[in-house]
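Protein chains in written order, with the numbering used here: chain H, 1 to 398; chain W, 1 to 271.
Be aware that one or more of the hints could be misleading.
[Stated by the list, open to error] Keeping only pairs whose Cα atoms sit at most 27 Å apart, straight-line, the calculated DSSO-like set for lysine-lysine is:
#1 H:Lys-389 to W:Lys-81
#2 H:Lys-312 to H:Lys-386
#3 H:Lys-106 to H:Lys-14
#4 W:Lys-117 to H:Lys-389
To be clear, the hints were calculated from the coordinates, so they are not data collected in a lab. These figures come from a predicted structure and were not determined experimentally.
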Amino acid sequence: MKGNLRLSFFLAVKNTLHQKPLFALIVLIITLSFVSATIVSATILGFVNALNNQIIDYSHGSILIEPKEDAIFIDDALEKLDKIRRVPGVIAATRRYSFGAALFKKDREAAGFGFFGIDPLEEKKVSKVYRYMKQGEYLTPKDRGEIIIGSEVAGGGEQLWFAEEDTLSARVGDKIRVSFANGVEREFHTKGIFNPRDIYSTSFSYITIQDAEEILGVSGKASLIAVRVPKGTESYYVKRFKELGINDVFKTWEDKLSTSAIVISMFGTINILLSTVGLFIVFVTVFVIIYINLAHKRRQIGILKAIGINEKVITQSYTIQSMIYGASGIIAGVILIKAMTAYWAVHPLNTSLGFVTPELSASSIIIASIMLFISSIIGGYIPSFKAAKEDIIKLIWD
Amino acid sequence: MPKAIVEAKDLKKIYRMGKVDVPALGGVNVDIREGEYVAIMGPSGSGKSTLLHLLALLDTPSSGRIFIEGTDVSDMSEDEKSSFRLNRLGYIFQEYNILAELTALENTYLPAMMQGKNKSEYTKLGREALELVDMGDRAHHLPSELSGGEQQRVSIARALINKPRILFADEPTANLDSRSSHSILNLFRKLNKELGLTVAMVTHEPEDTKIVDRVLNLKDGLITNILKSPTILNCEHCNCKVYEDGAITRTREGKTHVFCSENCAESFEAE
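Produce the complete structure using the sequences and hints provided.
Structure, rendered in structure tokens:
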């Protein structure tokens, strides 16, 4: 048995090394098959992660604290913020006022998905919107009567959802009239237009918290408290905040997925479909390549049989050879896809849904590797088993 | 008289070509004795290669029985046949048939590896087998670096490494030049004489049979005659080779003249 396996390995290695160009070609095909099977999954995972991160980075933060069901505002917001910021590990926390508002510029009207009064300095620690000013500048604490508008509301041709005629067609310096749900109307000077290229914040508008409190006629309260904590620790901090006596409504970014949940769920379904089809194609491709390669070895199999090498050793040998092809292709594929994702981490794909960094999950690598390896084994085993069972005369002389 | 090492009884082989049955052997009875050097001859399609394949367990007869060293091998499983070929038979193909990716030494020691011998054992045996066929100095050459005659020597070394009792050779010199052919045939004779190896060889060259003990002549799937220690003569009319046993003779003026056929004899007489 040991001798048989040694002979199988010997023949497999010799055969593989003797045909270096063929070996390189087969490995290249398996490598590309591996990449094609995983790249879709990596891109979709990248999209899903990008959408998730957009919620955290540009709109909700990691944890959003809302007023209790029967309240309009969070009372003692400054005191609560202080408590939250003191919890070790909390990166930042800020309060916001949220409005129902319609925006007008001359005869044009636009309704965004969110209108907020913010503390510009604290907001910068929670939200990354300030990094994506398309025109003008971000708010400062001293600003009064200034507004910054998301590109989806401002218009200008970069909108994902809104037609240009449904936007304000605003530029920096334009006067924007805002009609609030409480009946107050105010005119603001457009200080900046931002476009982080996400599907949420581009339809938001921001004014300073001082303007917001003046419009609402309140002080030291908040409609929302946005908290930023390390990703994955949200539940832990929600528990900690509750222990501190903050008994408002806590929602993590995952609870706020709503619209993106549909997109993410759709992506998930597409991912499963494409990955399944992709892996099946890979399975067939690898099987066919190895099958065809072995079909040319019939004479060699006949010679081996004629000199007394038994069928088991022959089948084992070609199966091992296929496993060498498969393993080499998988290793090269993993290296290639890792290199590609490393590149994308530095140079994300610029898509209409924002910047996307394709990421490979360990599970998709493992599934693709297992599928490829199994197809290599089957691709080597079936033809060699069939050939080894054939008559020597047919193998050598047909 | 030495005992029979290979015996075939009423051996038939029918090939199926589409819907037609084509008989290749029509009931051959033959025995090859221990230490004998036998040539199997006959025109193309006579069934000589088929007979060799059956005797060497490369193919299965349609009916009839084969005994090798007294063992009935007719009903053996594929695994048993494989083991029999490995341990007791040697086979040499017409077209060298050594593996292109292995060196001469590696090609030679494959059967010994299959037997489960350790590396030092099979390497030593491989070298000895190559020495035996005068290929010791070419052990590490790939087939692509060897001449046809050298490749055939490697295949002979491979056939000999497990010290078989019988060596089967299917037109081993057909693809070789006359010098290489002569050398290979002499090597068979040497192995036959010095090691007592039984040799059964298919050939179509009457010249090749000069050094054999017996010639089995096949025609249309049957053995037509068996010639013992044949002497080859030249037809005095057309100059072709002819066995002494099968030659046509005419006597003129007290001298015997030899011909390959009645036609040649008649032509001679008419001159």
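Do the hints match the structure? See the list:
Taking the CA atoms of Lys-389 (chain H) and Lys-81 (chain W), the gap is near 13 Å; set against the 27 Å cutoff, the hint holds. Restraint check for Lys-312 (chain H) and Lys-386 (chain H): satisfied, since their Cα atoms lie roughly 11 Å apart, inside the 27 Å limit. At most 27 Å may separate the alpha-carbon atoms for a hinted pair to count; Lys-106 (chain H) and Lys-14 (chain H) exceed this at roughly 81 Å. A hinted pair counts as satisfied when its Cα atoms are at most 27 Å apart, and Lys-117 (chain W) with Lys-389 (chain H) qualifies at roughly 25 Å.
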